[in-house]
Structure formats: structure tokens, C-alpha cells
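Visitor: Dock chain H against the given chain D, drawing on the hints supplied.
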Amino acid sequence: MKSPASASWKAPLKFRMPTAENLIPIRLDIEVDGQRYKDAFTWNPYDPDSEVVMFAKRTVKDLKLAPGFLPQIVQSIQSQLATFRSYEGQDMYVGDKIIPIKLDLQVNHTVIRDQFLWDLNNFDSDPEEFARTLCKDLGIEDPEVGPAVAFAIREQLYEIAIQNVTSARENRISKKGRRAAEHFTPSKASGAALDLMKLFSFRSSVVRKRKEWDYYKPVLDLLSNEEVDALEAKEERSGR
Amino acid sequence: MAEKSPVKEAASSESIPISNSNQLKPSPQFPSKFSSQTAPNSEVPSTPTSRPPSADADVVYVPSYSRWFSWDKIDSCESRFLPEFFDGRSASKGPGLYIYYRNSIIKLFRVNPSRKITFTDVRKTLVGDVGSIRRVFDFLDHWGLINYSASSALSKPSKDTGSYIKSSDSPSVESPSSAAPTSKHSSNSRRICGACKSLCTIACFVCDKYDSTLCARCYVRGNFRVGLSNADFRRVEITDEAKADWSEKETLLLLEAIMHYGDDWKKVAQHVGGRTDKDCVAHFVKLPFGEEYLRHPLSNDDESGFETNKRMCLTPLADASNPIMAQAAFLSALAGVEIAEAAAQAAVSVLSQVDGITASRVGIGSLERNSKRESEISSNGDTNQNALERAAYADANSLLDKEELDIERAITGITEVQMKEIQDKFLRFEEMDLQTEKERQQLESMKNLLFIDQLNLSFRRNYT
Chain D
510 MKSPASASWK
520 APLKFRMPTA
530 ENLIPIRLDI
540 EVDGQRYKDA
550 FTWNPYDPDS
560 EVVMFAKRTV
570 KDLKLAPGFL
580 PQIVQSIQSQ
590 LATFRSYEGQ
600 DMYVGDKIIP
610 IKLDLQVNHT
620 VIRDQFLWDL
630 NNFDSDPEEF
640 ARTLCKDLGI
650 EDPEVGPAVA
660 FAIREQLYEI
670 AIQNVTSARE
680 NRISKKGRRA
690 AEHFTPSKAS
700 GAALDLMKLF
710 SFRSSVVRKR
720 KEWDYYKPVL
730 DLLSNEEVDA
740 LEAKEERSGR
Chain H
12 MAEKSPVKEA
22 ASSESIPISN
32 SNQLKPSPQF
42 PSKFSSQTAP
52 NSEVPSTPTS
62 RPPSADADVV
72 YVPSYSRWFS
82 WDKIDSCESR
92 FLPEFFDGRS
102 ASKGPGLYIY
112 YRNSIIKLFR
122 VNPSRKITFT
132 DVRKTLVGDV
142 GSIRRVFDFL
152 DHWGLINYSA
162 SSALSKPSKD
172 TGSYIKSSDS
182 PSVESPSSAA
192 PTSKHSSNSR
202 RICGACKSLC
212 TIACFVCDKY
222 DSTLCARCYV
232 RGNFRVGLSN
242 ADFRRVEITD
252 EAKADWSEKE
262 TLLLLEAIMH
272 YGDDWKKVAQ
282 HVGGRTDKDC
292 VAHFVKLPFG
302 EEYLRHPLSN
312 DDESGFETNK
322 RMCLTPLADA
332 SNPIMAQAAF
342 LSALAGVEIA
352 EAAAQAAVSV
362 LSQVDGITAS
372 RVGIGSLERN
382 SKRESEISSN
392 GDTNQNALER
402 AAYADANSLL
412 DKEELDIERA
422 ITGITEVQMK
432 EIQDKFLRFE
442 EMDLQTEKER
452 QQLESMKNLL
462 FIDQLNLSFR
472 RNYT
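In the order they appear, the protein sequences are chains D and H. Those letters in the first sequence? Residues 510 to 749, per this note's numbering, in order. Those letters in the second sequence? Residues 12 to 475, per this note's numbering, in order.
Only chain D is shown next, with the shape it has when bound in the complex:
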């Protein structure tokens, strides 16, 4: 019995992060007077705006940064928050989408590479819990890896959510109407989306093929100090 190969069309939802908590990733990369401050963390957009200033003050104090960092940090966070809020009122379409999420991080001495499938439709998903479990299972001792993993996942989810919104907007503008929704799934910007029907139809099995095993397993490397320094130097060179 063949099942109809049609994409299921869901009603448009208001834009939000497809996770249980509507938290957004914030990335900071500020350079003042030769001092470079790079950071990435998760922020709750429903916190009052006074939080931003407080957070910036504490960060500057704790990390002993130059006071010139303070307004820059505040501005950067606020602009990213504003971007998020500008997307917030708009619709986004989510079909049945399972996307692969890739991790390729280097945090202090730990390098982690991983790839796994994530269900965009699951609005109860929790990248933080995933990161905590991953670190516990892999026995990672460095406590800074967890937040970095969670942040990476959130960032990718955020990007895809934004793409959903922009493509939804384009489709509306081009006035394709209902039919656009049906062509929606294959014409999605991220071509890496997998079609549920194709993957999980009764012809193929749910079990992954052996040759794909290596792609989908986490790889954890611990670097020595020299390697860390070498990587840093390479980054700086490429950055310049």
C-alpha cells in the first residue's frame, strides 16, 4: 500500500525557537584597545532590559575588561535581541523536518565533532539537556564544553528558524498561494532536510546503514597545550 507522498502542511506558527524554552543564542566578538573579547551564551529574551546592562557590568568586572567594553557589549546584545524581536511577530512554516545538526567545536582543550538528527517540529526539545547528557556520557571533565554545545545547537536551530521565516515571507510575496506550501518541503533553503516519508517508508529500514555510522558518532579529542596554541595562532592569522 503506497502512502501518498505529500508533504503535510501545518498552519503557520508565530516565530519562536523550536525548543522548550524560548532562549536565543547571543554571540559577542568585540575588540577594544587591542583587547579582544569573544563570548557566546544563551539569553532569555523575556528578561527585562535592565538585565542586559547588569550582565554587561558584571562581565566587565569579572573578566577585568577595559571599561570601554561596557557600551559595546550592551549594544551588541541589544541589537541581537532586537533582531530576534523583529522576527518574532512573523509567521513561519514548519513541515515535517528532521535536520542534521553538526557540532565542530574546540573549547579549551576539548575538541568535539558530532552529527545527529534533530526534529524541528518538536517544540519540547531541550538543547541544554542534550548538552548536559552528552557531556556526562562522554565523560567530559571540562565544564565549559556543555554550554558551548548547547549554544552551537541553539545557533543552528535559530538560523534554520530564521530561514523558515524569510522563505515564508518570500513565498507570500511571490503570491504562490497554497501551492507554495506543497512545494515547500523540497524547496526549503536548507537542502539538507530529510524527508520523513522517504526515510521512514516501509521500503527502507529505520536502522542506519553501516557506512553512515562514522558520520553520526561523536568524536572527542583532547588536545595538548601546544596543539591549542597552534590552533589559536592559526585562527588569528586567518582572522586577520
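Any given hint might turn out to be false.
Which residues of chain D face chain H? A few of them, derived with a C-beta cut under 10 Å, are [unchecked claim]:
no. : residue
1   : Phe550
2   : Thr551
3   : Trp552
4   : Asp556
5   : Asp571
6   : Leu572
7   : Ala640
8   : Arg641
9   : Pro656
10  : Ala659
No lab work stands behind these hints: they were computed from the structure. Positions of the beta carbon are idealized from the N, C-alpha and C atoms, including for glycine.
Guide: Frame of chain D; chain H shown alone:
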């Protein structure tokens, strides 16, 4: 909510310091059931005014208003101040997450307790959004569970204290800042207790070693620091000192009067003028050389030693779980050693008298029976002998009755216990019954599911 916290304080007032090697440090308070499962170091009640005596690397100090903390429990004040984790709005942000944040932050701090941990250190290592991490961090900071050290205890709280002060618990939150000014006040006549910040009225206990003052309640509850014992505190009468100390003239008059009138304190008070007889007595007793005039054999050392013995014996009474005993201990601490002794002795003697009366009444009741029998047997009897016999009979009968009562009580106790056992067994069997029933139902449903799956498979096979 506000009523819960004082009860909790009373219940947990006897927490003991446990050092890293898990040995009990000698403490004046008797140990309570404090279980620290994960952390090797635990808390020590300390008043915010005093400084930790030695920087013992194994012991972490926590202020006394944070005694409620425990690794695997959430206190009501935590759920009050950080409602976001407990109102069930989001599935992932629950109490478990809060415990994970709180314990990780505290563990991180205790890795190096002498160094203050910053918020950025914490949020770099915790998975989650920085807003909630910051709130948990601030909460722990305010309650002294992290970054609590002698220097920080005297610093003023930041402006966000205003947002945290909601209930009557707030005085304890501000205590770090108010600790500094009150310690200077202790030299004045108005004494404020270092632990509970209440005005000491009748009597207070002063420790000279660390210059801390405790009101009678806190003293009885054992609300002081680890290095001190009951003996280190000396009792200071407030009422005396508050009403202006005795001047030289008054003291001279007092001594004169005593020499003249001896023990007649009313006349002494008259002579001194302006002081009641009780004041005179109290002040005289406190004079360092008072004993000479009374020609008492007791010397100063004996008395103070006696007093300290009494103080040491005070602790068993200070068990706050028995409120009556706590009250009794408090009152005796207020009233003073001799008075408490006299009162106790009088009470005991009266009690024994009452016992004797009831016993004799019982004895008389049975005595009448016996006397009737006696009169039947022998009409003439020596009155003395009869009286003696009667007394002996009374005693023996009362003893017998007492024994009977005891045996009855024991038997009823035993039967009660047996009945309880049987009841428990019944309950357990019922539970087992329920469980097996549930398992049976589960298995049935699984069987049904399997059957459905089989049907599906066979259908598909038929179609293709």
C-alpha cells in the same frame, strides 16, 4: 510561609561542623542528624558579627541564617525567591534544574573557598540561559552560601537587595551589613543579640573571647559559634546595668548597710536609698569580694566552677524539639542557678509529698479492709502493734498496687505492638495484591498490542 522559617531554625539549630576527614569536631551542642551525602565539607552555624577563628581549609563557614540549606532538598525560601523554577510554566525549567544550578555553583565555589567566585566563572560552566543562572547566583550570594568570608560579611549589600526583601525573613538578609554597626554597640548598655538581633532585656550572655553577645534564647538554643562552649559565656544582667551602674557612693552605703543589718535586705535597701532590696542583693552578690562579708565557705572558684557545671548540664535541657523543656531551660537560664535549683527542689519535694498522700490514701483504703479483717481475728490488740502493722500493710499494699499497674501497662504495650505488627502485615499484603493486579493488567495490554502488531504484519504481507 514566614512561620515556617523560625521552626526550621529551631529544628536545625544543632548542626555540627563536619570536616573533610569526616570526623566530628568537639562541639558543645549535642549532634543532630545532619546528613551530607555528596559534599565532604558542611556548614557551621556562625553569627555574622564574629570572624572565623582560623582559616581551616576543610571547613566551610555559612551564616546562621542559611542553616536551612541541604544538598538534596529545596527550602521554602528558595521557592519564594526564585519562583521561575517552581511555577511549572515550562517543563524543562523545574526544581531539578534549579538543584543542578545551585549545587554546581556551590560545588564550584567550595573547590576553592578562599577565593571569591564570579558570576562569569559560573555561567561559563553551566548549561542554560544566563538570566536564570544569574538569579540563582545572586540568591546564593545574598544568603551567604557562596562567597561568604569574613571580609564579605561586613560589606554592604548591593542595590538588588531591595528586590529580594519581601517577607519577614528580610532582617536576616540584611544582617551582614548591620552586623558591623551592632558589634560596636555591644559596648554600650543597650545590648543587642548577635544572632537574632533582638534587644536583650532581662539577661544576656557575653562571650569575652570573641566579643559577641547573645540573648538568653539564643544562648539556650546553642546558637553560637563552634569554638565556644557554654562556659565561655558569662551572664550579664541587663536590668542592673541599664538602670545606671552603681556609683562608688552607693556601693559604700551598701557595704555599710550590710555590715549593720546583715541579712535584712529591706533595711539595707532603705539605707542605700534609691535601690530596691533585690537590686541590692544582686549587686552585692556580684561584688568581687562579697563572700568575705557573708563569711561563706564557698570561694569564687567553686561558685564559678559550679556555675559552669550547671551550664554544661544545661545543654541536655536545651533540646528545642521538646518545647516545654526548652522553656524550662530558658527560664532557668534567666532566673539564675540558685533560684532554679531551689525551685526544682521545692517542686520535687511537693511532688513526692503528693505521691505520699495518694499512696497513703490508697494505703488507708486497703488498710480499712485489713483492719476489718484484723478486728475479726483479734479484738484486743496492742494499739502500737496495730499501728505498726497498719503502716507496714499500707506500704506493702501500695507497693503491690504499683507493681500491678506496671505489669498491666507492660502487657497492654505488648499487645498494642503485636496488633500493630499484624496491621502492618495486612497493609503489606494488600499492597502486594494491588501490585500483582497491576502487573497482570499490564501484561494483558501488552498481549493485546502484540496481537494488533501481528494482525498488521499479516495484513501487509497479504497485500504485497
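Visitor: Work down the list of hints and note, for each, if the structure agrees.
Guide: A quick look at each hint next to the structure:
1. Phe550: Constraint on D:Phe550 satisfied, holds at 5 Å.
2. Thr551: Since the shortest Cβ distance to chain H is 4 Å, the answer is holds.
3. Trp552: Nearest chain H Cβ about 6 Å off; hint holds.
4. Asp556: holds (4 Å)
5. Asp571: Holds. Min distance 4 Å.
6. Leu572: holds (6 Å)
7. Ala640: Since the shortest Cβ distance to chain H is 5 Å, the answer is holds.
8. Arg641: Holds. Min distance 5 Å.
9. Pro656: holds (5 Å)
10. Ala659: holds (5 Å)
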